[in-house]
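Participant: Sequences are here, hints too, so could you generate the full structure?
Protein chains: 2
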Amino acid sequence: MAEKLSARLRVEARGGAVDLAAYDPRGTPGGPKGKAAGLAGIQEMRARLAELQERLFAQSAVGGDPRRVLVVLQGMDTSGKGGTVKHVVSGLNPAGLRVRAFKAPTAQERRHDFLWRVRRALPQAGEIGVFDRSHYEDVLIVRVHDLVPRSVWSRRYAAINRFEQSLAESGVSLLKVFLHISPEEQRARLLARLERPDKHWKFSPDDVFERERWPAYREAYEAVLARCSTEAAPWYVVPADRKWYRNWAVSRLLLEHLEQLRPAYPQPDLDVAKYRRLLLAT
Amino acid sequence: MAEKLSARLRVEARGGAVDLAAYDPRGTPGGPKGKAAGLAGIQEMRARLAELQERLFAQSAVGGDPRRVLVVLQGMDTSGKGGTVKHVVSGLNPAGLRVRAFKAPTAQERRHDFLWRVRRALPQAGEIGVFDRSHYEDVLIVRVHDLVPRSVWSRRYAAINRFEQSLAESGVSLLKVFLHISPEEQRARLLARLERPDKHWKFSPDDVFERERWPAYREAYEAVLARCSTEAAPWYVVPADRKWYRNWAVSRLLLEHLEQLRPAYPQPDLDVAKYRRLLLAT
Numbered sequence: 000m001a002e003k004l005s006a007r008l009r010v011e012a013r014g015g016a017v018d019l020a021a022y023d024p025r026g027t028p029g030g031p032k033g034k035a036a037g038l039a040g041i042q043e044m045r046a047r048l049a050e051l052q053e054r055l056f057a058q059s060a061v062g063g064d065p066r067r068v069l070v071v072l073q074g075m076d077t078s079g080k081g082g083t084v085k086h087v088v089s090g091l092n093p094a095g096l097r098v099r100a101f102k103a104p105t106a107q108e109r110r111h112d113f114l115w116r117v118r119r120a121l122p123q124a125g126e127i128g129v130f131d132r133s134h135y136e137d138v139l140i141v142r143v144h145d146l147v148p149r150s151v152w153s154r155r156y157a158a159i160n161r162f163e164q165s166l167a168e169s170g171v172s173l174l175k176v177f178l179h180i181s182p183e184e185q186r187a188r189l190l191a192r193l194e195r196p197d198k199h200w201k202f203s204p205d206d207v208f209e210r211e212r213w214p215a216y217r218e219a220y221e222a223v224l225a226r227c228s229t230e231a232a233p234w235y236v237v238p239a240d241r242k243w244y245r246n247w248a249v250s251r252l253l254l255e256h257l258e259q260l261r262p263a264y265p266q267p268d269l270d271v272a273k274y275r276r277l278l279l280a281t
Numbered sequence: 000m001a002e003k004l005s006a007r008l009r010v011e012a013r014g015g016a017v018d019l020a021a022y023d024p025r026g027t028p029g030g031p032k033g034k035a036a037g038l039a040g041i042q043e044m045r046a047r048l049a050e051l052q053e054r055l056f057a058q059s060a061v062g063g064d065p066r067r068v069l070v071v072l073q074g075m076d077t078s079g080k081g082g083t084v085k086h087v088v089s090g091l092n093p094a095g096l097r098v099r100a101f102k103a104p105t106a107q108e109r110r111h112d113f114l115w116r117v118r119r120a121l122p123q124a125g126e127i128g129v130f131d132r133s134h135y136e137d138v139l140i141v142r143v144h145d146l147v148p149r150s151v152w153s154r155r156y157a158a159i160n161r162f163e164q165s166l167a168e169s170g171v172s173l174l175k176v177f178l179h180i181s182p183e184e185q186r187a188r189l190l191a192r193l194e195r196p197d198k199h200w201k202f203s204p205d206d207v208f209e210r211e212r213w214p215a216y217r218e219a220y221e222a223v224l225a226r227c228s229t230e231a232a233p234w235y236v237v238p239a240d241r242k243w244y245r246n247w248a249v250s251r252l253l254l255e256h257l258e259q260l261r262p263a264y265p266q267p268d269l270d271v272a273k274y275r276r277l278l279l280a281t
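Residue numbers (numbering that gives the first Met the number 0), protein chains in the order written: chain G, 0 to 281; chain C, 0 to 281.
Hints may be right or wrong, so weigh each one.
What the hints assert, rightly or not - Straight-line distance between alpha carbons at most 30 angstroms, and here's what the computed DSSO-like set of lysine-lysine pairs gives: (1) K85/G <-> K242/C; (2) K273/G <-> K201/C; (3) K242/C <-> K273/G; (4) K273/C <-> K242/G; (5) K198/C <-> K3/C; (6) K198/C <-> K85/G; (7) K273/C <-> K201/G.
What the hints assert, rightly or not - Here are some chain G residues the structure puts well away from chain C; computed CB gaps all over 10 angstroms: (8) A35; (9) V147; (10) L189; (11) E258.
Said to hold, decoys possible - Each pair of labels, with its calculated beta carbon distance range: (12) A263/G <-> L190/C: 21 to 31 angstroms; (13) S169/C <-> R195/G: 24 to 34 angstroms; (14) W115/G <-> H144/C: 17 to 27 angstroms; (15) L279/C <-> G33/G: 22 to 32 angstroms; (16) E2/C <-> G26/G: 51 to 61 angstroms; (17) P267/G <-> A20/C: 32 to 42 angstroms.
The set of hints was computed from the structure by calculation and includes no laboratory data.
These numbers were taken from a predicted model, which means no experiment stands behind them.
Idealized CB from N, CA, C, for every residue including glycine.
Facilitator: Right, dumping it as structure tokens:
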């Protein structure tokens with residue numbers, strides 16, 4: 000493997016603008032050739048992901064290592080946040096996993112600052128956390144729908160960067176993934192939900208009306224990617240029109256992320272002979 | 000399928016005593032013939048479990064159904080609580096799952112009553128929660144080690160029954176599973192951990208010394224099964240010396256439990272033709 004996928008998909012804003020038109024939602028950058036190879040690759044990565052997760056968990060349980068991973072999934076409706084949890088994250092051991100979906104804030108949550116509910120849902124040491132939506136909604140839907148004045152949301156980008164910097168310093172390493180789909184693919188997925196009565200519960204009329212605001216969302220996402228892809232917590236753009244590529248790419252990004260942490264099984268100082276003797280005597 | 004596994008493994012104490020000697024830890028009651036058939040059965044149940052979980056989740060998300068399931072796993076060290084999470088629970092969608100392991104209480108937890116930390120870890124509506132150890136530790140290790148006076152722990156059985164009754168009334172349906180292993184099997188598993196350096200982090204010298212208290216733990220478990228297997232929240236004894244049977248039996252119990260809830264996809268009143276038209280116009 001010449002180039003890492005993370006290097007390829009990482010958003011390097013360097014203070015400039017980001018133009019999502021430059022990213023093809025149907026693309027498969029760095030990916031295997033076709034769906035069959037993609038699915039095989041995902042299958043292959045599952046065991047390695049589970050092993051790295053166990054090492055991370057063990058290091059914290061025994062070694063007191065404070066590190067943990069937080070995967071943030073963002074993207075338009077039907078972009079596959081839930082599907083990624085179902086097909087990628089399901090390969091991990093549920094004991095070391097903390098998945099949280101963020102909806103419209105509750106009355107209690109609204110009485111606190113916008114990061115309050117996020118802080119309470121963070122993974123603990125040794126865990127892998129996954130956010131299906133996140134604090135970024137407070138500069139996405141909130142911005143698009145003018146839910147707070149511009150003077151308020153516009154200050155949040157810097158607040159988010161400081162927050163994520165402080166997370167990184169306390170051992171939370173972030174993997175922020177934007178699932179990039181096209182409006183055409185979204186239409187096809189919403190139509191598919193309408194076709195199947197057992198999927199009607201997933202269908203929200205709002206999803207149809209939100210499509211009218213596609214350009215505003217696009218702009219809001221571009222602002223996020225331009226302003227919040229930092230050294231401590233970069234953004235990755237994953238083309239998501241093809242589900243197999245999306246699952247493959249997120250698996251691969253998570254694998255590279257975990258490998259970079261180099262978790263290792265703790266080797267406690269254990270008198271093996273002594274305990275073997277004691278056990279055989281009981 | 001003539002008899003349900005849950006009917007077979009359920010503890011019917013009826014106010015009398017429970018004698019664990021009557022339960023063979025190597026037994027495979029109601030199970031398939033042999034390991035290969037067991038593993039195939041587990042595989043087969045995974046899809047059905049995932050489907051029932053999704054229905055439960057959908058009913059709460061759209062229909063406002065308050066129901067949720069809480070699996071409580073108890074058993075001696077190495078009995079396979081973690082293994083059950085890894086091999087059985089991993090078949091479920093992590094988005095609707097809340098796994099929590101209970102260790103010795105923290106200083107903060109000790110400032111509250113023994114049920115406090117349990118209440119905070121309950122699954123939310125539509126979720127499946129799994130406890131690796133639970134409030135039962137407060138009448139198990141606490142009783143065996145005299146961590147509180149007898150007058151305190153002896154009142155907890157009734158407190159637990161009231162607590163679980165109130166959970167049942169608020170929609171939390173409990174599946175309490177005692178993983179029953181023999182001291183010989185435990186020795187074999189602890190020895191196996193000693194043999195493998197990558198398993199040393201799981202080895203605790205305490206586990207060896209706790210073996211001396213096996214009869215006291217047995218008595219404490221018998222008291223739990225006799226006093227806390229109620230109509231609202233019965234206990235199930237799963238023979239756990241054979242890992243394949245343990246995983247098969249817990250899968251089966253969970254399947255029967257979910258089937259009994261009869262979750263169904265909500266059928267919201269949806270004007271399919273209207274939304275199809277709107278979508279095709281955008």
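Participant: Indicate, hint by hint, whether the structure satisfies it.
Facilitator: Hints, one by one, checked against the model:
1. About 26 angstroms separates the Cα atoms of K85/G and K242/C, which keeps this hinted pair within 30 angstroms; it holds.
2. With a C-alpha separation of about 17 angstroms, the suggested pairing of K273/G with K201/C holds against the 30 angstroms cut-off.
3. Proximity of K242/C to K273/G is assessed by CA-CA distance (about 27 angstroms); at most 30 angstroms being required, the pair is judged to hold.
4. Between the alpha carbons of K273/C and K242/G the distance comes to roughly 27 angstroms, so the proposed pair stays at or under 30 angstroms and holds.
5. The straight-line distance between the Cα atoms of K198/C and K3/C is roughly 37 angstroms, outside the 30 angstroms bound, and the hint therefore fails.
6. For the hint linking K198/C to K85/G, the alpha-carbon distance of about 29 angstroms falls within 30 angstroms, and the restraint holds.
7. A distance of roughly 17 angstroms separates the Cα atoms of K273/C and K201/G; the hinted pair therefore holds under the 30 angstroms criterion.
8. Remark: the non-interface label on A35/G is consistent with the geometry, its nearest Cβ contact in chain C lying 21 angstroms away (cut-off 10 angstroms).
9. Remark: the non-interface label on V147/G is consistent with the geometry, its nearest Cβ contact in chain C lying 26 angstroms away (cut-off 10 angstroms).
10. For L189/G, the shortest C-beta to C-beta distance to chain C comes to about 6 angstroms, within the 10 angstroms cut-off, and the non-interface label is violated.
11. With a closest Cβ-Cβ approach of about 17 angstroms to chain C, E258/G is found to remain outside the 10 angstroms limit, as its non-interface label requires.
12. The hint said 21 to 31 angstroms for the Cβ distance between A263/G and L190/C, and at roughly 24 angstroms that hint holds.
13. The hinted window of 24 to 34 angstroms between S169/C and R195/G holds, with their beta carbons roughly 32 angstroms apart.
14. Roughly 39 angstroms separates the CB atoms of W115/G and H144/C, a value that falls outside the hinted 17 to 27 angstroms.
15. Checked against the given bound of 22 to 32 angstroms, the beta carbons of L279/C and G33/G, roughly 30 angstroms apart, stay inside it.
16. Look at E2/C against G26/G: about 55 angstroms separates their beta carbons, and that is inside 51 to 61 angstroms.
17. Distance hint check: the CB atoms of P267/G and A20/C are about 36 angstroms apart, consistent with the given range 32 to 42 angstroms.
Violated hints, in rising order: 5, 10, 14; the structure is consistent with all others.
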